[in-house]
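As they're listed, the protein sequences go chains A and B.
The numbering of the first sequence is the working numbering, which starts it at 3 and goes up by one.
The numbering of the second sequence is the working numbering, which starts it at -12 and goes up by one.
Hints were generated in silico from the structure; no laboratory data involved.
Each hint should be verified, as a subset may be incorrect.
Claimed, not checked - If the Cβ cut is set under 10 Å, some of the chain B residues that face chain A in the computed set are:
1. 24
2. 27
3. 28
4. 32
5. 34
6. 36
7. 43
8. 47
Claimed, not checked - Covered stretches of chain A (chain B as the covering partner; in silico rule of three or more C-beta atoms under 8 Å from a C-beta of chain B):
9. 145 to 158
10. 192 to 203
11. 206 to 212
Glycine included, every Cβ here is placed at the ideal spot set by N, Cα and C.
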Amino acid sequence: MTSGLAYAATPASGEAALESPNIITLLHHYLPGFAVVEFLHHFEDLFFSAVVIFILALIARKVSRQSRSIPGRLQNFVELIVESLDNFVVGVMGPVGRQYTPFVGTLFLYILCMNLIGIIPAMKSPTSNVNTTIALALTVFVYVQYTGLRHLGLLGYLDHLAGSPRPQGVIGCLIAMISVPFNLVLHLLGELTKPMSLAIRLFGNIFGEDVLLGQMLLLGIAALGFMHSPVGIPLQLPFYLLAILTSAIQALVFSLLSTIYIFLMLPHEEGARH
Amino acid sequence: MNPAIALAFSLPLAVALAAIGSAFGLGKAVAAAMEAIGRQPEAAPKIQLAMVIGAAFIEALTIYALLTVFIFQGRVG
């Protein structure tokens, strides 16, 4: 019993005790050696993100296949979400932004659900692993570059990266010759740093929040450890509210920054027309 | 000094210093946003959106400090 309790506070990852245990680490602890368990333990983040994808896909399918002109409860709810996401994207980018709503909205819902699933006991946030967030940020990076190439063309894209020089006269040409290499390096570095900061921000926030919950759980168990109590003080409960807040804000920030990166990539005349 | 002891002292300090800086930055940003909303309540959604973006950039710096703590945590042991 005591070993189980001690385990409940320290995942068997072999490293420092960080996050609270989830169903897969528990399985791995109590049923070691099974091929399925080892496989799941190895791909636990993929498993939990697959759970999120499955739930989202199920809801989307159910609502879109049986959409009625007089919506039911679920359809009403989903329509509300879709409409507010559309308003959000259009509010940032103007009416041109409507075509990017599916991408940004999917990102938002996916990240929000991945962040929130960590609050459910015996579940884990896939976003508390840096690999998940790097994958998400790379998706945004590739999509932004693709959008830029499609809307600006290859020459326009290079022109955008060079800072759109429009030199006039001999002196202007001379200044452009000096400033273009600087601008090119600066823009390239900027484009490469954007996904990095996106990934690390999301990962750091969600991982930090999960570690906080785990440590509070540990503290609650340790506080009653002297009387061998089977349950601890639920010290982590107030931090669940914080976790909900962080999850929502980080999902919002990730999708908002993606929207802004797409917006910055668009042709400026088109982008400026609100 | 033993590297583990040095890390055990400096890691919490690093986060604390980063948090102090971020707290000042966030305080300024949010205060300005609140003032702007108070002057012009009809522009509140736009101001809030910009404030959230700025706050995300500011607090990212603390998160970076926190990340170094996680990276070096194993060395403290």
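Q) Per the coverage rule (Cβ-Cβ under 8 Å, at least three residues), is the region 206 to 212 of chain A covered by chain B? A) holds (count 4)
Q. Can the hint on residue 27 of chain B be confirmed by a CB-to-CB distance to chain A that is less than 10 Å?
A. 17 Å, violated
**Q.** Given hint residue 47 of chain B near chain A, where the shortest CB pair must fall under 10 Å
**A.** 5 Å, holds
(Q) For the restraint on residue 24 of chain B, tell me whether the closest CB of chain A is nearer than 10 Å. (A) 17 Å, violated
Q | Hint validity - residue 32 of chain B Cβ closer than 10 Å to any chain A Cβ | A | At about 7 Å, which falls below the 10 Å cut-off, the nearest Cβ of chain A leaves the hint on residue 32 of chain B intact, so it holds.
Q: Please verify that hint: residue 43 of chain B, Cβ, nearest Cβ of chain A, below 10 Å or not.
A: Interface hint status for residue 43 of chain B: holds (4 Å vs cutoff 10 Å).
(Q) If you count the residues of the region 145 to 158 of chain A with a beta-carbon closer than 8 Å to a beta-carbon of chain B, do you get 3 or more? (A) violated (count 0)
Q) Does residue 36 of chain B meet its interface restraint, that is, does its C-beta lie within less than 10 Å of any C-beta in chain A? A) 7 Å, holds
Q) Against chain A, is residue 28 of chain B within 10 Å by beta-carbon distance? A) Residue 28 of chain B check fails; min Cβ-Cβ to chain A is 17 Å, beyond 10 Å.
Q | Hint validity - residue 34 of chain B Cβ closer than 10 Å to any chain A Cβ | A | Status violated, d = 13 Å.
Q. Taking a Cβ-Cβ distance under 8 Å as contact, does the region 192 to 203 of chain A have three or more residues in contact with chain B?
A. holds (count 3)
In summary, the numbered hints that this structure violates are 1, 2, 3, 5 and 9.
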